[in-house]
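Visitor: Based on the hints, put chain W in the right spot on chain B.
These are the residues of each chain, in order.
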Amino acid sequence: MTKQRVELNVNGEIHEIQVEPRKLLAYALRDECGLTGTHVGCDSSSCGCCVVVLDGETPVKSCTMFAVQAEGHDITTVEGLAQGGQLHPLQQGFWDQHGLQCGYCTPGMLMTSYAMLKEYPEPTEEDVRKFLSGNLCRCTGYNNIVKAVLQAAKALGAEKSEPETTAADD
Amino acid sequence: MFPAAFDYLRAHSIEEAAAALSQHGGDARILAGGQSLIPAMRFRLARPTVLVDIGSLRDLVYLREESGFLRVGAMTTDARLERDKDVRARYALLTETSDVVADPVVRHKGTVVGSLCHNDPAGDWAAAALASRAIMVVRGPSGERDVPIDEFIVDSFTTAVQEGEIAVEVRFPTPSARTSGAYEKIERKVGDYATAAAAVQLTLADDGTIAQAGVAITALGPFAMRVTEAERLLLGQRPSEDLFRAAAEEAYRLADPNPDTRGSAEYKKNMARILVARGLARTSSKLHA
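Order-wise, the sequence lines are chains B and W.
This note's numbering puts the first sequence at residues 1 to 170.
This note's numbering puts the second sequence at residues 1001 to 1289.
It is worth saying that the hints were derived from the structure and are not from the lab.
For glycine and all other residues, C-beta sits at the position ideal for the given N, C-alpha and C.
Check before you lean on any hint, since a few could be wrong.
[To be verified] Covered stretches of chain B, as calculated for chain W (at least 3 residues, CB under 8 Å): (1) 18-25; (2) 39-51; (3) 54-60.
[Said to hold, decoys possible] Heads up, simulated DSS-like pairs for lysine-lysine below, C-alpha to C-alpha not over 27 Å straight-line: (4) W:Lys1286 - B:Lys147; (5) B:Lys147 - B:Lys118; (6) B:Lys130 - W:Lys1085; (7) B:Lys130 - W:Lys1286; (8) W:Lys1189 - B:Lys118; (9) W:Lys1085 - B:Lys118; (10) B:Lys130 - B:Lys147; (11) B:Lys154 - B:Lys118; (12) W:Lys1189 - W:Lys1269; (13) B:Lys147 - W:Lys1189.
[Said to hold, decoys possible] Residues of chain W placed beyond 10 Å of chain B at every Cβ, according to the derived structure: (14) Glu1163; (15) Ile1186; (16) Thr1228; (17) Arg1232; (18) Gln1237.
Okay, chain B solo, but in the shape it has when bound (with noise of 0.2 Å):
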């Protein structure tokens, strides 16, 4: 079958790739962009190891899309979180609340959350179980999951609060 053309941005930089029409998005990332942070869990969209987020804002399971259908958008992988070596909030909280077992989960779950807080910046126990209900963890982790979503949030939410120094201010 023919391979096409296909430009992929992830995580800001463009990644061209020539694949199938039938090569699905979370195989495209691991396998042409070389980025293996997002897994492939279930393969059936049942358990949202998979998770990317679309355009900064829209969760997806990129086991259940192709990789053609994701030109135009801008892709965000697990590898995109960490600024400048300094971990993302979601990262850090997962890692103070020990969010994680044995992690194959754990990329899914910080797409799904980071895409959850753009929504919801101040979320309740609840908005975060609810949200969350879409990605599986077969440690039975969730308790420490959703805590370190928490955490997260606070801290987003304080950094967004304190004063910023700005050009104009000096």
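Guide: For chain W alone, coordinates are given in the frame of chain B:
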């Protein structure tokens, strides 16, 4: 598993999508949210040779009330409907349905119209559409036609959409003030297809009798079904436990489920009765609150 190979076309207009469908015939399929179609392709339950992607048709993304209907465009996601404040305030049945279709992440990509077109025998939207008397808007070479949802649902995975046609919208009648509804679903885990589910919508007349009734079940037969006999029993009557029990009995009679890993046929038939009774009771209590 990877889907079988196919050709991919990205449509830039509805007309272009329709033309591609006509050109490639029965093996071409529309790709909207893909949340039902892609898994079906992966399990090789579907093997389209051509996918026509309508994902970039922004003019199919809308949700608005107009002339007595809530109009939902073909690329409007479940998540968009789920979050709409007007829908949540007035469309009880749609609200309850949108809260349990698939899971929260899948709802960001899945579309209401896409789910109706896929017409999975266990689809949630089909039951909600039947109970609320929805109308599908289908566009073809000779223009647009309105298809009541009862006629739209033809058989398992089969709808009234013909070759070269595209479903562009679903219209849900705007409920009157004395209308409410409920969606009752049993699932093994969040995001699973229903083990059994029931959609209910009731409208009361000024004298407190039931002026309109919608009752439908899903995952309980070859496709989502309206429980016509239950609706007939309810009409013109005052809500009561006995009445609801009698109506629910009709759901038990109609249900013809397949046994599978979710449960035996008899268990599911019993659930039809229980879910309809629960849905009616909850709807009634909302109307009297």
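Visitor: All hints, please: hold or fail.
Guide: Tested hints:
1. 18-25: Coverage by chain W holds for the stretch 18-25 of chain B (5 residues, Cβ < 8 Å).
2. 39-51: holds (count 6)
3. 54-60: holds (count 3)
4. W:Lys1286 - B:Lys147: Roughly 35 Å separates the two Cα atoms, so the pair is violated.
5. B:Lys147 - B:Lys118: 18 Å, holds
6. B:Lys130 - W:Lys1085: 18 Å, holds
7. B:Lys130 - W:Lys1286: 24 Å, holds
8. W:Lys1189 - B:Lys118: Holds, at about 26 Å.
9. W:Lys1085 - B:Lys118: 19 Å, holds
10. B:Lys130 - B:Lys147: Holds - the C-alpha atoms of Lys147 (chain B) and Lys130 (chain B) are around 14 Å apart, at most 27 Å.
11. B:Lys154 - B:Lys118: Given that 27 Å is the threshold and the Cα spacing comes to 13 Å, the pair holds.
12. W:Lys1189 - W:Lys1269: Holds, because 20 Å separates the two Cα atoms, which is no more than 27 Å.
13. B:Lys147 - W:Lys1189: Distance of about 22 Å is within 27 Å: holds.
14. Glu1163: 22 Å, holds
15. Ile1186: 16 Å, holds
16. Thr1228: 34 Å, holds
17. Arg1232: 38 Å, holds
18. Gln1237: Its Cβ never comes within 10 Å of chain B, the nearest being 37 Å, so this holds.
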